[in-house]
Structure formats: structure tokens, C-alpha cells
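So the protein sequences, as listed, match chains U and C. Each number in my numbering comes from the position in the first sequence (counting from 1) with 6 added on. Each number in my numbering comes from the position in the second sequence (counting from 1) with 2 added on.
In case anyone wonders, no lab produced these hints; they're calculated from the structure. There could be a bad hint or two in this list.
Chain C stretches covered by chain U per the calculated footprint, using a threshold of three residues with CB under 8 Å from any CB of chain U [stated by the list, open to error]:
1) 52–66
2) 94–101
Simulated crosslink set (DSS-like; lysine-lysine; CA at most 27 Å straight-line) [to be verified]:
3) U:LYS495 x U:LYS512
4) U:LYS495 x U:LYS323
5) C:LYS22 x C:LYS10
6) U:LYS457 x U:LYS338
7) C:LYS109 x U:LYS270
8) U:LYS190 x U:LYS138
9) C:LYS10 x U:LYS345
10) U:LYS102 x U:LYS150
11) U:LYS15 x C:LYS22
12) U:LYS351 x C:LYS22
13) U:LYS181 x U:LYS102
Pairwise CB distance ranges, derived in the manner of DEER restraints [what the hints assert, rightly or not]:
14) C:ILE64 x U:GLU139: 53 to 61 Å
15) C:ILE64 x U:THR11: 14 to 22 Å
16) U:GLU470 x C:SER106: 35 to 43 Å
17) C:TYR19 x U:MET23: 51 to 59 Å
18) C:SER49 x U:ILE20: 12 to 20 Å
19) C:GLN44 x U:MET23: 54 to 62 Å
20) C:HIS26 x U:ILE20: 41 to 49 Å
We put the CB at the ideal spot given by N, CA and C, even for glycine.
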Amino acid sequence: MMRITLRVKTFVQIIIMLLLTVVFLYILLPQFKNADGATVRIPWDEPEQLYLLAMEAHPETDGRIFVFPSMSTYGGVVPTVTTEQGIDYLEYIIKKYPEYLSERPRIYYDLALLYLRNGNFESARHYLRQVKENGLYHYETVQKLWSILNINRSREISSTPQLSGKVSVGEQPGKHMLIVLRPKGENSWSSGGYSFITRYPVTITDENGAYRFYDVLPGDYEVGVAFLPEQVEGHYLPVENGTYVSLKINQTVEYNISFVAQMKVNEPINHQEIGGDTIRFRWDPYPGADYYQVSLTMFSNPREVGGSSYIVPLDGKWTGTTAEYDIVSLRKGWAGANKFGDGEKSYLAPATILGPLYPGGQFSWKVEAFDHEGNRISSSAGYYLMDNARLPLFSTREEGQLEGDRYVLNFEYDKAIASYEQESDNPYARQALIRMYHHGLSFEDEGDKQKSLHYLLQISDPTEIDMRMIAEAYEALDQLDNAKAMYAKLIERDPEDWISLQRLAKLMTREGDRRGAITYFEQALAANTSNDSSDELILLYLLEEEYDNALHVAEKYPYKYHRENLYPLLSAIDKKGWENPLFKDTLLALENREIELAKQQIAQFPPSERVYADFLTTLGYELYSSAYDDPSYLK
Amino acid sequence: MPHSNIPKQVQSEIDEYHIKQKLHAAATSLQFSEEMKQAVLQRAKPSIWEREITIPIPALAIVIVLMIGIGVISYPTSESNTPIQPSPQKHRIIDMGTGIFWESDIKGGQK
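One chain only, chain U, in its complex shape (with noise of 0.2 Å):
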């Protein structure tokens, strides 16, 4: 047998030399960081792999948070690599596997994206250019971002945009964000990666945070921001629905976008699990607070996270920096008549019946601060997305939660009726059963005011809540003298009860009572600008012929929206309207809910007269606004 022989000396050097060679071979490997943030070395011949691990950054997705006045949307999942990582990997992939890009094209655009979100401006354009000079890849997304890179930002400082402002986060500018346009009365979004760039005038803020807005069709948009969580952290963007900027020719508008320091929540956090008579919150203080008002909000449905929540904002302006309530107090209050649906059924919100803080539930609350002029100032209501947040989140002790309640919250409502049927003298059964019964379980159902009504008198102490659904219910039954000796019973707890006011108003509308409805409108625009009873308060003044009245009415409309479309048509009307007895008659058909004699009337007004038409359909739309499609000549 053919041997060796050798010293174990040398022996070891050879096993040594093998060894380190091995070590020294796994060291050139290329090393990356996976999504838990641990190394691992990809193979030399494993491209896809790595382009696989590149894509867990979401190029397209983008992980941006997008906040307008009117909504926050977000960009689907959050990458679980980071940017700086994908754009290493993309990297890599260019310059030791060029073979590889004609199998993937769209690595340059996926590596555009990522220095786009990073902020690095010149290397997103290289790739742009290489992805625009190839034909490659989403031919009009990347002309938009290429156009966004480099026209808008290169103008001169002297040229005129027609939209320009600062983003602030705190005292730091905000850069690198995305400033989106939303034409006004859009619903929809444009949800899909980077769609919404191609859709929108859309434009990135500088180092300074300043962005500018050139080439814009003049109109009505609201201005939204897109930003990584990371970006403003601890802060919160005070924004109120329905504003807008209105931009025209050769106008420039001014509107920046500030975020505030985030106020900071101490108790109940993380969790924590809440029992006994009495909750507590507290807060840090926040600088030029006036006072503070503190919110709850639960899941629509308890056992979903992610879906619909709801907030209720509790009674009471507190000074100082902690607020206590009695938990029996909360759980007899009203969160709201809400229904949901999951696609398939609806429900009746489990919250609308056990009350805004039930046992065995989960609840997330929020602070807001207000300076003396009512302002609101700041909120908790901002960003927990930090590792080391102190999170708003509670849950109550199961303790005292009754059966019904456990059937409720699994969704069980015939059960739960049956089991509260069986303990209605207790207080929280009754309850529940009365907002079972008064609401209806789902959005088809109406419920049984006889049997809510039923439960409602049995209550020997009723709160306003219990109050205005025993009114309801007796409207609803039309027992209308109990309904409106209900009301006066709530305007005499509260004057400035304008839902009783309002509803007082319809009910003498309903009885032919003009003068007395207008008497009660009125009061209910007095003690609450906001609501809704103008429409039919420029109906009573015109059948009533007191022209003066119902345009006063038209001109302080709480709604900019009606404001512009009755205000002007009605102006353009003028006394001699009463003379013409088609525009009388058409108001009498409005008043007596006769939409469809309403509609042929409005319809036989010569083209000469064509602004008491357009005025009719408009009041007529706003009455009645599910009888109306929507005249196409409002603004």
C-alpha cells in the first residue's frame, strides 16, 4: 500500500495553511446585513438572492407615512431592510453581476427609488437617466420623478412658483419629503407604490425643508406631506380638515407645514391593565397650554386589529397635567351609534353597546393641548414607531363583565340579547339592551323602538343619552307630543342642546309649523354655527317670503361648500322670484318631501330663468342629497 510519512509538524502546518485558506475564502465572501440586522455573507453566484434581499427595502412601496388635512394614508408594508441596505445590495448586484441586469431591468429603477427616499438626489438621477436612456422601466412614473428632480428644483430662486413653503419638524427643516397636491373633492387615493406620482403634483422639499410648486392647473388642492416614520418622531402635524390652498395664474400662495413636539403620555401606558372605581391619565405639561381634553378610542371590532376605531372624547378641560374619571360613569356613557361591516355581515359596534370603557377591553386614549383661544396646540396623537415609545395602550380587568358582554364581544348578539333578557334589572344588561334594541344589529336592521323604548322608561334616573333615545324612539312610534315634551325636557337641562333644538325644529316642520321651526333653527345655528339646519331654514324663510332672512342665512352657511353655490344663486334671485308661481310651487313640493314633482318643476323653467332652477336643484340636492345626483354646475 502506497503510504506517506511525514512529521506531525509538518503535518499540522498543512492542516493549519488548509484552514486558514478556508477562513480567509469565507471572509472575501460578501457580507450584508439581513433583515434582523445579523451579517450574512451571499455566495459570488447568488445574484437573485440578493436582489430577493434588496427588495425587503420596498423601493416602490416606499414606507412613507402620507398626512393631508383630510386623511393619512400609508404606504402598505414597512421595509424590513433598510434603505441604505437595499441600495448596498442593488449596488453590488451593478458591479459584479452586470450580465445580471438583463435579467433584471429594473434594478436601476428599484435603486432611483431607494436614493430617492435616502436623499440622495444625484445618485437618484444617475440611475433615472439610466433607466430613462435604456427605455427600461415604468416609462411615466420616471419621467414625473426625473421632471420633480430636476426642473422644479433647479429653477432659480427669482422664477415665480404659484405654491411655495417650509416643512418644519420642530425646529429642524424637513427634508427630503414629499409635498402632494389633492384636488379638492377627491375621495379617492391613489394607493399602489409610486402611482400616486404620476396623479398628483407632487414635489420634494429641499435641505432647508422649503418646496415650491411650479406649472400647477389653478384650483382648489389640499396639501399633503409623505415622510418616513423616522423623520418625525416625537412630533405631531396639527391639521385640520378642510383647508385648502387655491391656486390661480400668476398667484403665488404661501403655505407651510409645521410639526409640533408630540405631547408625551405617562399613565396609562404600555399595556398597562386598569381595575377598580377610578382611571387615571397622565401627561407631561407642554409649553403655552391653556388646558388639555383626553380621547379614548377602541377597535370597532375588538378582536381585529387594523380595522375601524372610534374616538370619544371624554367631558372635561383639565389644567393640570392628570385626569381621573369614574370607570362606572364611563361604561354607562355613549360611544357613538356605530356600525361596521367586514364584506360578508355588519354589526352593531361593540363599544355602541357596552359603553366607551367596558371590562375586558382593549383602549388607546390620547391628550390634546389648547391655548386660551380654544386653539389646539398639540396632541399625543402622533408617531409611535420608536423602539423606546411610551404607548398609549390599556386594557380593563375582565372583572365585573357580564355574560352578555362575553357574547358580545365574540359577535354573539343573539345570545348576548338572551342572556341580558335574563338579568335585565341589571343596569348594564338593561343598557345594553336598550342600544341593541334602538339601533338595530347591523346596517339592514332598524331595531325595535317599542323595545328599546320598553327598557328606556324603566330607568329611574335617566341620563341625556338615555333622554334623547327615549325622544327618538317616541318619534319613531310617532308619539309626537312625548317626543317633543321630551326635547323641551333636554333644551331645559341644556339650552344650548342644539341636537334638541334641531330635532324640536323638524318635528314642528313635520306638523306644518313654520314659525315655530324657524323660532327653534335659529336656536340651534346660535348655540352650534356647525350644524347642519341652514338648508331647511332658507326653505321656512322663503315660504315664508322673508327673502331678507333666508339670504341672511345663505351668506353665514357654516360650510364654505354651500356658501359659494346657494349664497350666489340666491343673491341673483330677487324679490320679484315670489311673482312666479312655478318657483313657489317648487318650494312647497320641496317642503312636503315631494322630490319628484319637485325635480319636473324645477325642469320647466325657460332658459331665461334658469337661476331659479339651478338655485331649486341646489336646495333641493342639499335637503335631500340622496334623492340628487350631484349638480354638475356647483363648484
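For this one, chain U is given, so just place chain C on it according to the hints.
Frame of chain U, contents of chain C only:
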């Protein structure tokens, strides 16, 4: 008896040769065989590093083939290198009206 006609010098060399022959013959039984060498080495207890090992070539070949095989099998490929598989865990952001949260943070307290 030395030859009288041989010069003294030569005679002396011849005598020396004969003595060497006799000595060699006498030492034949004392020659250092392989066995003796091993015995000496064993007695000497040299350092382990200096010891010699003999490896049969077929056995060495098997070991080398095994090492290459293990290296090939453990080479990071798309099938074996699980850490670089795309992470199945997707994070979602939830807006509860009281803040913007990670879904997993909200679920953290779910009963």
C-alpha cells in the same frame, strides 16, 4: 610473519587493513537495524512534533474528498442560506386616531 622484502610503510598499511577487517567482522552483530532505530527512538521519547506519521494515501484521499464534500454542501446557496430569505414578518402601521402604531405593538397586549 611479515614479509622481509615488503617496505615497512606498506607493511604497516596492510596490517591496518587486516585490523579493520577483523574489527568489521567483530562488529557485524552490532549493526543498527530499523528495529533498533525504532527501539532507540522509542527509548529517546522525542517531542511529538518531531514524531513521524505515515498516512496511507487511499485514506488521505478519502479524507480530502470528504472535506471538499462538506465544503460544497455547507456552501451558502439560496436553498441553504435561510437568513437571507425575505423576511416573512410584515410590519403594518395602524392609525387608531390616538397615534400611529406598529400593528405588533398594539397586538402586544391582546388577550
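Here is how each hint holds up against the structure:
Counting residues of the stretch 52–66 of chain C whose beta carbon lies closer than 8 Å to any beta carbon of chain U gives 10, which meets the minimum of three for the stated coverage. For the stretch 94–101 of chain C, the proposed coverage by chain U is satisfied: 8 residues have a C-beta within less than 8 Å of a C-beta in that chain, meeting the threshold of three. Proximity of U:LYS495 to U:LYS512 is assessed by CA-CA distance (about 16 Å); at most 27 Å being required, the pair is judged to hold. A distance of roughly 26 Å separates the Cα atoms of U:LYS495 and U:LYS323; the hinted pair therefore holds under the 27 Å criterion.
With a CA separation close to 19 Å, the supplied pair C:LYS22 and C:LYS10 stays within the 27 Å bound. Taking the CA atoms of U:LYS457 and U:LYS338, the gap is near 19 Å; set against the 27 Å cutoff, the hint holds. Taken as a hint, the C:LYS109 and U:LYS270 pair is honoured in the structure, with Cα atoms around 21 Å apart against an allowance of 27 Å. Between U:LYS190 and U:LYS138 the alpha-carbon distance is near 33 Å, which puts this suggested pair outside the 27 Å criterion.
For a cut-off of 27 Å, the pair hint linking C:LYS10 to U:LYS345 is broken: about 140 Å separates their Cα positions. Restraint check for U:LYS102 and U:LYS150: not satisfied, since their Cα atoms lie roughly 30 Å apart, outside the 27 Å limit. With a CA separation close to 42 Å, the supplied pair U:LYS15 and C:LYS22 exceeds the 27 Å bound. Between the alpha carbons of U:LYS351 and C:LYS22 the distance comes to roughly 120 Å, so the proposed pair goes past 27 Å and is violated.
Restraint check: the Cα-Cα separation between U:LYS181 and U:LYS102 comes to about 33 Å, which exceeds 27 Å; the hinted pair is violated. A hinted range of 53 to 61 Å for the beta carbons of C:ILE64 and U:GLU139 is consistent with their spacing of about 57 Å. For the pair C:ILE64 and U:THR11, the beta carbons lie near 18 Å from each other, so the given range of 14 to 22 Å is met. The supplied range of 35 to 43 Å is met by U:GLU470 and C:SER106, whose beta-carbon atoms lie about 40 Å from each other.
Checked against the hint of 51 to 59 Å, the pair C:TYR19 and U:MET23 passes, with Cβ atoms roughly 54 Å apart. A hinted range of 12 to 20 Å holds for the C-beta pair C:SER49 and U:ILE20, which are about 18 Å apart. Between C:GLN44 and U:MET23 the beta carbon distance is about 30 Å. The supplied range of 54 to 62 Å is therefore violated. About 43 Å separates the C-beta atoms of C:HIS26 and U:ILE20, a value consistent with the hinted range of 41 to 49 Å.
Taken one by one, the earlier hints fail for this structure at numbers 8, 9, 10, 11, 12, 13 and 19, listed in ascending order.
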